[in-house]
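Residue numbers (the UniProt record's numbering), protein chains in the order written: chain Y, 1 to 452; chain S, 1 to 452.
Worth double-checking, as some hints may not be accurate.
Since the list gives no way to pick one copy over another, a pair counts as held whenever it fits inside one copy or between any two copies.
Unchecked claim - Quick list of in silico lysine-lysine cross-link-like pairs, DSS-like style, CA-CA up to 25 angstroms: (1) Lys-91 / Lys-75; (2) Lys-428 / Lys-441; (3) Lys-54 / Lys-372; (4) Lys-86 / Lys-75; (5) Lys-91 / Lys-79; (6) Lys-402 / Lys-79; (7) Lys-428 / Lys-400; (8) Lys-263 / Lys-428; (9) Lys-212 / Lys-384; (10) Lys-252 / Lys-402; (11) Lys-441 / Lys-212; (12) Lys-428 / Lys-75; (13) Lys-428 / Lys-252; (14) Lys-372 / Lys-3; (15) Lys-3 / Lys-54; (16) Lys-284 / Lys-432; (17) Lys-75 / Lys-217; (18) Lys-75 / Lys-402; (19) Lys-79 / Lys-180.
Just so you know, these hints were derived from the structure itself, not from any lab.
There are 2 protein chains.
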Amino acid sequence: MSKPSLARGTRDFGPEQMAKRNFIFETVRRSFQRYGFLPLETPAFENLSVLMGKYGEEGDQLLFKILNSGDFTSKLSDKDYTDGYKPLTSKISEKGLRYDLTVPFARYVVMNRGTLAMPFKRYQIQPVWRADRPQRGRYREFYQCDADVVGTDSLLCEAEIVNLLHDILPALGITDFTVKINNRKVLTGIADVIGATGMEGPLCVAIDKLDKIGQEKVEEELAERGFSADSIQALNPIFSLSTTDNPFEGLKQWLSSSEIGLKGIAELEEVWKMVSLLGLENPKIQFDVTLARGLSYYTGAIFEVKANNVQIGSISGGGRYDNLTGTFGVPGISGVGISLGVDRIYDVMEELNLFPDSQATSTRVMISNFDKDAFEYGLTILPKLRQAGINAEMYPDSVKLKKQLDYADRKNIPFVILVGSDEIESGKLTLKNMITGEQQKLEIEEIVAILG
Amino acid sequence: MSKPSLARGTRDFGPEQMAKRNFIFETVRRSFQRYGFLPLETPAFENLSVLMGKYGEEGDQLLFKILNSGDFTSKLSDKDYTDGYKPLTSKISEKGLRYDLTVPFARYVVMNRGTLAMPFKRYQIQPVWRADRPQRGRYREFYQCDADVVGTDSLLCEAEIVNLLHDILPALGITDFTVKINNRKVLTGIADVIGATGMEGPLCVAIDKLDKIGQEKVEEELAERGFSADSIQALNPIFSLSTTDNPFEGLKQWLSSSEIGLKGIAELEEVWKMVSLLGLENPKIQFDVTLARGLSYYTGAIFEVKANNVQIGSISGGGRYDNLTGTFGVPGISGVGISLGVDRIYDVMEELNLFPDSQATSTRVMISNFDKDAFEYGLTILPKLRQAGINAEMYPDSVKLKKQLDYADRKNIPFVILVGSDEIESGKLTLKNMITGEQQKLEIEEIVAILG
């Protein structure tokens, strides 16, 4: 008889939220399809051998692990109990919950590469789970919407992602946004130029925080991570690089000694050109040399999308990876993808009041329930409404009309059909508009025509 | 560098299966909405205090339990290691994966009863997880599609479920099916009449197996469960009851000494009458006095839907429960619901070849990629197709045409636009029909008109 509660960091989505979330999912799905992406779903849990080691040590800790079924202690020795929880975990748990959609996708590609039509374009809209400390805006269960192309290194894919974002976001009503783009090769070039060749990993991790902690703290972090004072000093121009007029010109000069850096710039220029050919008017793209994104598997373009003038900024991110399947023994499959954060998009849309009023998925008309005769008469009307595709229901109990109308109100049902003895006799039903209060006497065919 | 595999009992759903599954989900969702049900989603995992004890001892064993995060051993004593795995489980695991959609729904109703518009009609389409031994047709992850009404004991809800099933199944193409109906009160009455008052629980469990094991084995099981030889003998007429002409007449006589049994019959008759008023032509309903369904929480109507003339029989089940929320301290909320098994419906539809050919969700046209000029020209065409709502993509690499057409073939793309120097000069593109092989020279506007 305990009072039930939700598990920490999880949420129920009631009808009103579901309608809004489904609007997002359907819009995203429709755009993904228009760009030739096909749907994929993978299981909620994977073998830990698939998941572990893919997200760094912190990620391993944040995986939800599933206890083996049955007597999981039967094969344990005394030593296992005293070795600490990490080795013990590997003996009593073989499975973990999906942490993102990218690693299961890579696993799927590796397992099905013999039959997949390459390049393979897939989208995937599913929840993921992370054992993070819950806080405002951070949940332990949340949806990701991913679209990826694997099996080609054509930069068309990068340009298509830019276009796709310009398709999805305005369809959601989000028109003021910026797609920030950089290239991991440029960051590698920067490491070369500042005399820190091979250190682009820690460079990315530190620079990625620029937005949040500012230049000074980034420089402190770089010093802590072993960058020399000279290197940090040499990095200085990067923070003040003008990217407005000709975004790449200045950097090209600066990177002229780094082959890979120049290749990164050339790739960016190619993407810029294709985006222009794809006919986007006023593309909302911005080269940001300080955009780094922490994930180590990116090797080419990196993306981040910000909604402007709202509290929550980043709503999407992605990039190109050249070796995601290498970890499963299949190297050489290049891919590029984008991930949309539904919860953040939801919050942005709430803040900007962008959700449409449409009630297409909820009940459009309710039939009242006065007494036995009216009830039985109402039953004969109900199928006529539904056959016309109108979402309809009948109030199930013969209670006071006020209570019935109150129910319709709370459920946002815009019309009620009132059936009484007059209506049964005349065949003219009373259609009540719940918003205006207006009532009309109509035949059922007329009502179907009005509501259909 | 391990070869990755799926966790046992789980499946990936690739593009082709997803298209079919989404057809089922969308059809079911559309019908649920037409009957006034609103969407709900609950988290994948719940506190074990919510889940444990709700599905019987076997169910408790079949719950997937999630290991507590961090050092789950820190508060364990030596004794905890030697007490056996069941008590240990409760100390190292607080959460479990959703086992069905009914208990989370009951939890939701209890937690939100202050704000829900009652009666509350919700549908829920989500996966559930069970640590069953995987076998053909039985998975550890599978979807359920549930619709329930709570907060009313009106038999209209039962009649509406019958109608809903007659809406959903034909929409899926399943026209040969039977909705078997019984009432738990009838089973209680039978227990009374055979002198086994209060033993309807074990009676139901045994009778429920009649289809699978036959009358003789059911009688053996009843004897094992403590039913007297007299009781078992008295039960005999039940197995041979004719339910064809007037399904209820004979049983009414037989149950005349049991008030609750007669109430069950009266409820069934009322449902039959409403179904008739709802205008169903040839309702595929059948009273089956031996339909019991094992779940102990049913108190009124019980349903089971069978697809006829296919290997897999049962595709849906449900019933009325009067005290589902009682376990969370809130008694007196009556409800009735139905659950559809997507995997079984999928298999039935495959067996009967019922999936439509529609490729609405996949790519409709691909633009070929000959060389740099054609590529750049193609880029300017792509947005025109998509703006007309046509799913379109461009082959990303300039490889041999055969390889490109092979890709289109394997992805079931019905049209390819061939762009070469002729096409660029004349502005007339070649539209190739991949099914007939036919080619036409057309302007882009004509192509949009044909494909749109």
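field: Same-copy or cross-copy closeness of Lys-428 to Lys-400 [CA-CA at most 25 angstroms]
entry: within (22 angstroms within a copy, 69 angstroms between copies)
- prompt: Which holds for Lys-91 with Lys-75 at a C-alpha limit of 25 angstroms: within a copy, between copies, both or neither?
  reply: both (9 angstroms within a copy, 19 angstroms between copies)
- request: Tell me, please, which holds for Lys-252 and Lys-402 at an alpha-carbon limit of 25 angstroms: within, between, both or neither?
  value: neither (73 angstroms within a copy, 39 angstroms between copies)
- prompt: Is it within, between, both, or neither for Lys-75 and Lys-402, if the alpha carbons may be no more than 25 angstroms apart?
  reply: Neither, since 65 angstroms and 56 angstroms both go past 25 angstroms.
message: I want to check one pair: Lys-263 and Lys-428. Are their C-alpha atoms no more than 25 angstroms apart within a copy, between two copies, both, or neither?
response: Neither. Shortest intra-copy (76 angstroms) and inter-copy (37 angstroms) distances fail the 25 angstroms Cα cut-off.
field: Lys-3 and Lys-54: within-copy, between-copy, both or neither at 25 angstroms Cα
entry: Intra 39 angstroms, inter 15 angstroms, cutoff 25 angstroms: inter-copy only.
message: Reference check for the pair Lys-441 and Lys-212, CA-CA at most 25 angstroms: within, between, both, or neither?
response: neither (63 angstroms within a copy, 56 angstroms between copies)
task: Could you figure out if Lys-428 and Lys-252 sit no more than 25 angstroms apart (CA to CA) within one copy, between two copies, both or neither?
output: neither (78 angstroms within a copy, 41 angstroms between copies)
message: Reference check for the pair Lys-86 and Lys-75, CA-CA at most 25 angstroms: within, between, both, or neither?
response: both (17 angstroms within a copy, 15 angstroms between copies)
query: Should Lys-284 paired with Lys-432 be assigned to within, between, both, or neither, using CA atoms and 25 angstroms as the limit?
result: neither (47 angstroms within a copy, 35 angstroms between copies)
- prompt: Should Lys-428 paired with Lys-441 be assigned to within, between, both, or neither, using CA atoms and 25 angstroms as the limit?
  reply: The answer is within: 6 angstroms in one copy meets 25 angstroms, while 58 angstroms across copies does not.
- prompt: From the Cα coordinates, with 25 angstroms as the cut-off, is the pair Lys-212 and Lys-384 best called within, between, both, or neither?
  reply: Answer is neither: 59 angstroms inside a copy and 40 angstroms across each miss the 25 angstroms cutoff.
Violated hints for the displayed structure, listed by number in ascending order: 3, 6, 8, 9, 10, 11, 12, 13, 14, 16, 17, 18 and 19.
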